[in-house]
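Using the sequences and the hints given, assemble the complete structure.
These protein sequence lines are chains A and B, in that order. Take this note's numbering: the last position of the first sequence gets the number 727, and nothing is skipped along the way. Take this note's numbering: the last position of the second sequence gets the number 707, and nothing is skipped along the way.
These are calculated hints, taken from the structure and not from any lab test. All C-beta atoms, glycine included, are put in the ideal place defined by N, C-alpha and C. Do not rely on the hints blindly, as some may be mistaken.
As the list claims (entries may be wrong) - Simulated restraints on C-beta separations:
1) A:Tyr712 / B:Met253: 31 to 39 Å
2) B:Ala360 / A:Ile677: 41 to 49 Å
3) B:Lys203 / A:Leu687: 20 to 28 Å
4) B:Glu43 / A:Val202: 28 to 36 Å
5) A:Arg645 / B:Lys203: 20 to 28 Å
6) A:Ile239 / B:Glu43: 29 to 37 Å
To be verified - Far from chain B, by Cβ distances over 12 Å, these chain A residues were calculated:
7) Leu185
8) Val247
9) Asn413
10) Ser558
11) Ile604
12) His615
13) Glu628
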Amino acid sequence: MNIVRTINIISVLLVAMATTVAAETSISEKRKQMAQRLDSLENAQPGVSFSGEIKGGFESSDLQSSVQFEGPASQVSAASQADLRITARPTSDTRIHADLRMHQDWQKGYQEGPNPVLFNWLSFEGQIYEKTKFELGDFRAYGTPLTIHSQEVSLMQEPEVFTQKRKEAMAVRKLQGEERLLQGLQADYNSLQMGFIDNIQVKGNLTRLRNLPKSENKLFWDFDEVDRYNYGARVAVTIMRGLQMGVNYQTMFDRVKSSRNFLGTGTDADQGAAIDNYALKEYEYNTVLSVDVGANTGKVIRNNNIIFTVDAEYAMSQYRMDLDTFANNLNTPFQYTVIDTATGDTSVQYYELVEHHNRVDTVLKSSPEKTWQKAVGDELSANALWADVTLGYRMPKAFSVAFVVTYLDVGKNFTSELAQSASYVGGGILNVESGLSMHSTFESMYKNIYRTQPLTRQNSMVNDNWGRVESSYESYLYNNYIRKQYLRNAYTNGTMTPYERSLMEGATNFYDRRVDIALPYGKATPNRKGLDVAFNSTALDNAIEVQGRYAALEEKESGEIQTLFLNNYGQVILDAPMVQYTEMEAGLAVHVHSILGWEHPVVINGAWGESKKSHDVYAPFAADPAREYKVTRNSIGLKLGYKDRIALLSGYQTLKGVADYALYQNNEEIFATALQIKIAAGSYLTLEKGFLKSDMQIATVDEAGAVVPFTYDYKRDLTSASISVMF
Amino acid sequence: MSKRNIRKTGVNMPKRIVLTVALLAAQAVWALPSQDVSQKELEQKMERLEAKRGVDITLDVKSEYLNARMDPTQSPRGDSTFNKENVGFTQLDLGFVFRPWEQTSAKIILRLASDYQVFFNAGAKQISIPWMSIDGKVGNAPWLVYNVGDFRQKFSPLTLYSHEIAVPNEAEIFARQRYMAMDQLFLGDNDRLLQGANVSFSKSFGEYFSPKADLIATSLRRPEYLDGDGAGGFLIPNKEGTGLNSNMHKFAMGLNTDLFTLNENVFIGGTYLSNFDTKSSRTDVPIDTIDPVDEYRSVFVDQDTIPENVTVSSFRAGVDIAGLLKLKSLSLDLTAELANSKWDLNGVDQEDGGAMLLDANIGFSPNDGKLFGIHLNTKFVNNDEHFFNPLAQSPSFVPTRIMNSDKDASWVKYGVFGSYYSAFDAISHYSPKFSPASANLVPAELYNGTQMTESYHIAPYSKNSYRNGVYENDEINLMRSLRDPAVQGAMDLGLATPNRTGFILDGVIGLFENSVELAGSALQMKEVQGDGKYSEISGGLRADVLGILGNANGKKLELLGGYTLINQDDLVANGEFSWINFGFNWRFHPRVGIQAGYQQLNQQYWDARKYTVLGESVNPFVYLSNDIYQAEVHRTTWFDEGESKRWLVGMEYYLGKNAWVALNYGQELVENTYNIEFQQESGTYAIKQFVHQFDKNLIEASISVEF
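Following this line, the structure appears as structure tokens:
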């Protein structure tokens, strides 16, 4: 068969490539090249090819709690699910990817309507003369940390059994790594060697971020009231193999004209009852311009055992929000004040001009003309800077050591939408039907539920107190032939506008911030200043890994409103408290089999971490325990394997402490142990058992209005079995 | 390239890449936690490549156009309703079998359906996934086979089985229609279709020891909340206690073992099945009790709140005497099965039942049946009234009105009691994507929730009498009370039908290499508990004239005729039902032929078949007549007698078994008499008789191709 032959030829080339370039390029670049080659290997098949994965199995969660709850205690998802990627290659340089997702919950109790196929990726990509790559449709965008970036949750030495689960949940949203998912066009030109210049890169993107609803169908909320776009570019030059400088520009904006096509759902309260306000829209404008530099001396001096790199980026951002209302035009020229001569009362009457071919008439109207009226907001500007210095040395087959020191200085109003949209949000996944208020970071990070079920009044619309839909607007869904794919997943691949981000950050009961507390958006996290030092070393030919990290950051400006305080000297001053962030992490991994020279893997890894968020010394804050947040994480993981055929993965993690206002304390634990048997290449049988436990103390308000803590706990037993086949 | 070579190169190839990846892994120290492609991701890409072992694509194309026109004498809903229904669709089942030559393969069937219309619907054709499975085997001559996802399995008629209706002496022109309707749901071979996991073991350790074992674990229902109109669940009405939705997760597990010995001529075996609701998954959602659309209709949804548990165990043994004696032209075998069921409604109600089946075959066909062969099968059944096993008893046929259902709208759900029910229609027709029109379909702005998007009425559903579900006790009882005795006979739930004792005898004589077949059957049953009595007798002759003459070269001239008489006398249905069948199939060219069929069904109920299962609150027969409907008072209705005939004639282009192109024309002529007892204004009850006579003209064009 052709496919096999092609793969054979390319694999020979790959071996050649890997050995000849090894001296010149770094491992990470080689990996990237390798991955690209493997991708191109997949793409090298002429015509149409199919790939993907099909999975079948069940996952159950049984809930016990110290408090009474009415809903069901057990929840089972039993289903088959397939992700099918169809790749077509119309020419040797271009290809089209279409991804289909199929999901079938197991049940034979009754006939359900047709089970729909979800279509979640369509892209056309390729290259022109090998130097220009382009992607049209869905694409993964990559840029600098301050312009285009998606922050993946990072946990040092996370046990593999959990990493797999997290990646699985992210894959449902098509997330992988730190690339941002966008739709539109991306083109990337690389000149490659041109005289003394190693490379000139010119890259551009044009994307649509949001769309308006197209009719009055408002059953779902997957649209916005504005029409939002983005475009940007990067120009970069690389010389002497390791010196690089780039300029980046991204701008995000709402189109006013098309947004006004749709009258939104603003209320009078938005603008005060005086204006008969029909709609309110926010238009947001955000522009980021950045310069990045990078120097890799390792490449310049061509010593593979020393690494010394300096990377930095400086960015300037602008942000503005305009408010647009569709309201009575009180300044209409065609209004008259009419005085009733008998009573002396006055009233206003409005007229409209109607044009005929030979004259203009005035027609009396009952109310003033409504027009769109835009109020232009204030322009907010801010700067951001980060600089990384990496220094490392290795002695092949013995040890390696590397330090990364990062300096950050990001303004409070620094705004960069494509770098500051969270990919991990949080939210309840398991046993939601129980009605019990549960808050678990581990649940959100590691679990996800996907199902198809009939779309009915009962599960899709607003109910009255009796669970029925009232005969009003909401009752128009009488349908159960349509099956809808529902998912509970804490990850998102959408972008949030800066205004939405500010709203979400305030929603502490929903937005989970118990991980990555100091830098939720990585280097683009606004209002941070300080140092972050990471240490990474290996010994005994990679058999032992030791990692550490220490970060000391504080706000550049206080996020709080200024109030009167008593300072340390007893003076009354007007000030606002500043927040300090301290993060410490340490991790260790021991590859026992490497030390002892065993064929069968035995790996133990563990980590400890503490994230602290504290306010400075003002007495009212120092005394308030809700303002002193501290989250401690412990983890331990184990992997036992028999060749690559059987693996027993086990992990235990705890997360203790307070991270936001709504919670006083939440001590959670997760345990999982999974047996994975490789039936054939890409085909696994997985059996898993574990639990998820929380001791919670939440703030409640008593009848007198005083805040009192309420304590409860819950435990969920998790069992799952599945079989998967890659193709 | 042969399969063997593919595998050979397939193994060599990845090794080389593995080497490369390993080289990289050895130098992987440098990777700081960054945006790089990780070693793990690289390995996954590798594995994905390694896992590619081709794809096998299967296609099953079906296209049918059916036009049914009826002009009834009395129309309960007046003359404004549609007289004509056109079903026209093309359907492609696109099957992908990934890694088809591997030990583990994956199968997905995508069903692409398209109606014959290019007006509204052109932009939104439907794709659904009726099948998704992972199938694996272990060993070159596989001794272990497993399936995850959709799978089909059967153990024995009393344990895990799907009973399918049989129409004796059915002409091929009608049999094809039935095949098309059943194939929509992948029904066939009496396999039960389930979703979950199935593991089958089978290995021979020599002459004396060949064990077989099967293990199933399936999810039968999940908690979810169906809409009040009920049509998304069953197209049948609810009665007290019948759950048309589910609010508990229901599972079934089963173990089946058979031990064969003496060259697999003697066996003993047993099965254990457990079918249970998980109480802790119960999710209550209050549901409307008033239908917002039509105040005269109630919403037939009750919550199923009590967990139901059923366990079934069976023991069986069999001997193939002819096999033991190594007699080639003689067949002589005997099997016996005893089953026991325990039904428990969480302690609220509990019943134990038993069932017995004896099956004997005797046959003689000398010289491989070249000149003649005779085969006799006799079964003895003794199932008590409490024998309950949903995995064997859930019916695959629930008589349902199919064509011209708009004529009486949602009363279709009353099945045999619906005013325009005809057995022929229920058996033969189906509409995969039926979109009932609503009077409320107004392209206006929404203002009080009743307009614009009553999408229940415009969204499609599938009209079909055939089912592949597994039901609960009261659901099965409800379906039985709505059964069509003329089609389903005495054994409406197959050999596992509860409350039956008696025998079934089938015989067939074949002549001239089965070119002539003379078949007969007899059934004599009575209720174990109660006075019900059943008898059925049937005889038929099929003769291929060209076959008798020999040397047919793919041509045939087949004539078929038969008569069946069914007598039933129990509380649900009693009367006499007779079938006359004729068939004609002249394939004058190996690919081209003419087909014709005629069927006549006479139904005479001795005593009123009363529709009382619904109680007082709902009675479909008020819609038989506008007068009675106006009176708004009703009590009891019964079906008195009926006469139905149909004929169909057409041309065919024959491609092979289950593959053809045909163009047919025919008629269905039905006359049914009903009686309604109703309350007059004076307060006294009176009986009124209605004769519903309707004719349907059918134009049918069908294509079925599988490859």
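Hint-by-hint comparison with the structure:
1. A:Tyr712 / B:Met253: 31 to 39 Å: holds, 35 Å
2. B:Ala360 / A:Ile677: 41 to 49 Å: holds, 46 Å
3. B:Lys203 / A:Leu687: 20 to 28 Å: holds, 24 Å
4. B:Glu43 / A:Val202: 28 to 36 Å: Because 34 Å falls inside the window, the suggested range holds.
5. A:Arg645 / B:Lys203: 20 to 28 Å: holds, 23 Å
6. A:Ile239 / B:Glu43: 29 to 37 Å: Cβ of Ile239 of chain A to Cβ of Glu43 of chain B: about 35 Å, so the range 29 to 37 Å holds.
7. Leu185: Leu185 of chain A clear of chain B: closest Cβ-Cβ about 22 Å, beyond 12 Å.
8. Val247: holds, 20 Å
9. Asn413: holds, 27 Å
10. Ser558: Non-interface label stands for Ser558 of chain A: nearest chain B Cβ at 32 Å, farther than 12 Å.
11. Ile604: Fine: 18 Å to the nearest Cβ keeps Ile604 of chain A off the interface.
12. His615: Fine: 30 Å to the nearest Cβ keeps His615 of chain A off the interface.
13. Glu628: holds, 29 Å
Hint compliance for this structure: every hint is met.
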